[in-house]
Amino acid sequence: MSEIGAVSLRLALLLAAAGFGAAIYAGVQRNPEWTRVAERSVGVVFALVTSAMVALFLCFARYDYQLVYVAAHSARSMALPYRLAALWGGQAGSLLLWLWMLSAYATAAVWFHRNRARVLMPWVVAVLLANAIFFLVLLVAVTDPFEKLPPGHVASDGSGLNPLLQHPVMLIHPLMLYTGLTGFAVPFAFAFAALVSGELGTAWFRTTRRWTLFPWMFLSIGILLGGRWAYEVLGWGGYWAWDPVENASFMPWLPATAYLHSVMIQEKRGMLKTWNLLLIGLTYTLCLFGTFLTRSGVVQSVHAFAQTPIFTSLFLGYVLVTAIAFLTALWIRRKGIRSEVRLESMVSREASFLLNNWVFIAILAMVFWGTLFPVFSEALTGNRRAVGPMWFNLFGSLLAPLLLLLTGIGPLIAWRRASVANLRRQFVWPTALGVLTAAGLGIALGAQISLYAYVAWSLCAFVIGTIVQEYVRAVRARTRKGDENALQALAELLRRNQQRYGGYIVHLGVVFILIGITGSVLNEQKLENLRPGDELTIHDYHMKYLTAEALPAQHYGGAVARLALYRGDQPLAVMAPEKRMYWLEEQPASIPAVYSTLREDLYVILTAIENDGSATFKVYRNPLVNWIWIGGVVFVLGTLTVMWPHPERR
Amino acid sequence: MSKGFQIAGGATLIALLLGWYAASNLQEGASFTYYKTLGEFAASPEAQSGIPARVHGYVVPESIQRDVEGQRVTFAVQATPPHAGGPSDVTMPVVFASLETPDMFKGGAEVVLEGRLARDGATSHFAADKLLAKCPSKFEGVEGATAAGGTARPPSTKG
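Chains as they are written, first to last, in this note's numbering: chain A, 1 to 650; chain B, 1001 to 1159.
Hints in this document: simulated from the structure, not taken from any laboratory. Worth double-checking, as some hints may not be accurate.
Think about it this way: if two alpha-carbon atoms lie no more than 30 angstroms apart in a straight line, the pair counts; the simulated DSBU-like pairs of lysine-lysine are [said to hold, decoys possible]:
{"id": "1", "chain 1": "A", "residue 1": "Lys-544", "chain 2": "B", "residue 2": "Lys-1130"}
{"id": "2", "chain 1": "A", "residue 1": "Lys-335", "chain 2": "A", "residue 2": "Lys-268"}
{"id": "3", "chain 1": "B", "residue 1": "Lys-1036", "chain 2": "B", "residue 2": "Lys-1130"}
{"id": "4", "chain 1": "B", "residue 1": "Lys-1036", "chain 2": "B", "residue 2": "Lys-1134"}
{"id": "5", "chain 1": "A", "residue 1": "Lys-526", "chain 2": "B", "residue 2": "Lys-1134"}
{"id": "6", "chain 1": "B", "residue 1": "Lys-1106", "chain 2": "B", "residue 2": "Lys-1130"}
{"id": "7", "chain 1": "B", "residue 1": "Lys-1130", "chain 2": "A", "residue 2": "Lys-526"}
{"id": "8", "chain 1": "B", "residue 1": "Lys-1134", "chain 2": "A", "residue 2": "Lys-268"}
Partner residues aside, some chain B positions facing chain A, computed with beta carbon under 8 angstroms [stated by the list, open to error]:
{"id": "9", "residue": "Leu-1013"}
{"id": "10", "residue": "Ile-1014"}
{"id": "11", "residue": "Glu-1110"}
By construction, the Cβ of each residue, glycine as well, lies at the ideal position given by its N, Cα and C atoms.
This is chain A alone, in the form it adopts within the complex (with noise of 0.2 angstroms):
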C-alpha cells in the first residue's frame, strides 16, 4: 500500500513540473491549447494527490507500523476515527494534507473558470502548480511520510498519538484551519495572474473577492474551534492565550478581513487597487509564514514538530520568494494600478473602511511584534526576551473597541462625503443605546469592571443598535409598499442584497464573540482543598465535593472526582472532573468538568488527589464564555449568507 502512495507522489511531482512549464509556455504565448494542456495537469496531480492521500489513510486503518511515520503517530489501543485523524498529527502527514488540499482548491479553481478569464488561467495555474511543486519535493526528498523502518526492523505496534489531541474537535480543528491557509492560495494566484498577464481590471478582483471569502469562512471556524478545544482539553479555564501558533494562525485572518473590506471601496469608487493587492500578498505570505514560524522552532511553541535544519530553511527561502516575487510583480505594474480617484472626505465611507484597515494592520503589527518579540530582542540586545498574553490583551482592549466603533459606523456613513443630516438620521438612535448601556453597567457593576469593559460593551450595544435600525429601515419600507409581510420582507432583503444583510449578521457575530470575551473581566478563580464533605462557594454558587473513584481502565486511567453544584439551595448538576493517565504515551492529562449557562459557565479542574484523601481543586467562573460560541455560529451563518449562489446573478 505504501508503495502506491510513495509512486503516487513522485509521479505527482512529475506531472506538476511538466504543467509548470505548460502554463508558462501558455501564458507568455496566450496559447489556449496548452492553457488547457495546463490545466488538465492540475486535475491529473489532485488525483495522484488523492491516491497517495488514501494510501496513507488505508496504512493508518490497517496498522501499517513498518511506516515510520504511522508508527510515530497512532497506536493499536486508537478508536479508528483517531488512527485516521493521526494522518495529520504529524510533521509529513500534515504536508501531505496541506498538499491535497491545495492541489483540490486548484482543480476547482480550473473547473469555476474553465469558461472564464481565459488570459488570468495560465498563470493562475503556474502560481498554484509552483506551490504545489515545493510542497511535492518537501514529501519526496526531505520527510517522507511513506519512509520504512530500516531492514531487519519489526514493529508491532506504534507508540500512540498525544492524547490531547484525541479529543473529537481535533478531528476537524486541522482540517478548518487547514481549508482556510491553503485556500488564500487561490486569490493569491489571481493576484499574481492579473499582475503577470497585466488584466488587471474588473475580473480578477470580482473572482478574488468569492475565493477569499470561502477560505476566510474557514480559517475563521477553525480559529474558534482552536479556542475550544484548548477551552475543553488544556484545563487552565481559558481559550486564547496568544501562543506563537494561536497567533500564526490569527495573522493571516487579519490582511484577509481587511481586504473583504476595502475591495468594496475598490468595487464602487475604483480606490485602492495596490492596497488590496498587497492585502492579499500578505495574506497569503503569513499563511506560509505562520506555518514556518510554528514548525521551525523559531519562536518557542506548544505546537512545535521535531526540527531538521533542511526543513526550515527550505521553507523560509519558500516564504521569502513567494514574498519577494509578488512585490516585484507590483512594483513593475505599479502605474498600471493607480487609483482612479482621491479621497474627498475623512467624513465618509471611504474614510471609515480605510481607518478599519488601519486598524486591521495595527493589530497584525502588534500580534507580529509580540510574537517574534524572542527573536527581535535577542537580534538587538543580546537578551532573549518574551512577552506574555498580558502585553496582547494591553493593545487588544486598546484596538478592539476602536473596530468595533468603525463596525459601526462604516456601514451606515454615506458615501464621499457625509451631511450632518445623514450622520443624525443614522447615528442617534445607536448612539443613544450605547449610552443607555454605559449608564446600565455603571449601575449594575459599579467599579467592578475596568473602563475597557464599559467602553468595549457599550459599543456592542452601539453597533447592534446600528444593525437592527438597518433591518427595521429595511423591512419596514418593504412592508409599506404594501403586498409583503415583515416576514417576507426580510427574506427577500437578504435574497436581494445577501451581500450587504449577510454581512450586517458577520458583524452581529463578531460582536457577540467580542461580548464573550469582554466578559472575561468579571472572571474568578479559586483553588481549594477539600475532603469529602467539604463545599467551597464562589460567587453565588457553591460545591460540595462527594467523592472520588478510579476511572474503569480503558485506553487511560485515573481517578473522576464527584462535585454538587447548587445555586443558593438549587440543585444544578453533578460535575464530574477527570485527572487521566494515559499508559501507552505515559501523559497525564486534566479533563475539566464545565456547567455552561449563557451568563457564565463553572469550571472545575481536578487538580490532584492528595496523599491524605483530600482533594485540590481549581474553579473558575467565566461568565458570557458561551456568547464566543454563539457569535461563531452567527459569524459563519452570515458568512454563508454573503456566499450563498445567487442564480439571477451568474
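Given the coordinates of chain A, work out where chain B should sit on it, guided by the hints.
For chain B alone, coordinates are given in the frame of chain A:
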C-alpha cells in the same frame, strides 16, 4: 502637502505612538526573559540579590512532597536529566507556594521555575510562584505540553 505625505506622516505618528506604548509596557513586567540554566543561575547576580528570575532544571526523582496543610509543594531540581546517566551536579531545593501543579509535573520532569532565591539562615531555597513543566519529548509534536501547565497560563484572556 500631498496626500502621500499626509498618509506617511499619519502612519509614522501611529507607529511611533504604538512603539512608545509597547516600550513603556515592556518595562512594567509584561515581558520576561527566557530562562537560565541552574548553573548559570547559581553564578548570576539574580541569585545573590534575590531578583526575580526564571530557572530551568529537572525535578529530582522522589523529591516531591505535597504539603496539603501548608498549601505548598516542595521538591528539588537538578541541572541534568536524571535518566541521562552520570551523577547530578548542581541541585537546588524549591518551595512552590501552591498545590496547583501542572499535569506534567513529576519526578524527572523538565521544569521552568519563576521566582526568586530566598535565604533562610545559612541555607537557601528557590521560592517559586510559577511552575511550568514539559513532558519528556516522547512525541514529535509536543502540543499542549507547556499549555497544560495550568499555572503558566493567565487567569483571563481578553480581546
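Results of checking the hints against the structure:
1. A:Lys-544 - B:Lys-1130: holds, 28 angstroms
2. A:Lys-335 - A:Lys-268: Holds, at roughly 21 angstroms.
3. B:Lys-1036 - B:Lys-1130: holds, 15 angstroms
4. B:Lys-1036 - B:Lys-1134: At roughly 16 angstroms apart (the allowed maximum being 30 angstroms), Lys-1134 of chain B and Lys-1036 of chain B satisfy the hint.
5. A:Lys-526 - B:Lys-1134: With a Cα-Cα distance of about 24 angstroms, the restraint between Lys-526 of chain A and Lys-1134 of chain B holds, given a limit of 30 angstroms.
6. B:Lys-1106 - B:Lys-1130: Cα-Cα ~15 angstroms, so holds.
7. B:Lys-1130 - A:Lys-526: Measuring from Cα to Cα gives roughly 16 angstroms; hence the hint holds.
8. B:Lys-1134 - A:Lys-268: violated, 54 angstroms
9. Leu-1013: Where the cut-off is 8 angstroms and the nearest Cβ of chain A is about 12 angstroms from Leu-1013 of chain B, the hint is violated.
10. Ile-1014: Check passed: Cβ of Ile-1014 of chain B comes within 7 angstroms of chain A, closer than 8 angstroms.
11. Glu-1110: At 13 angstroms from the nearest chain A Cβ, Glu-1110 of chain B fails the 8 angstroms test, so the hint is violated.
Checked against the numbered hints above, the structure violates hints 8, 9 and 11; every other hint is satisfied.
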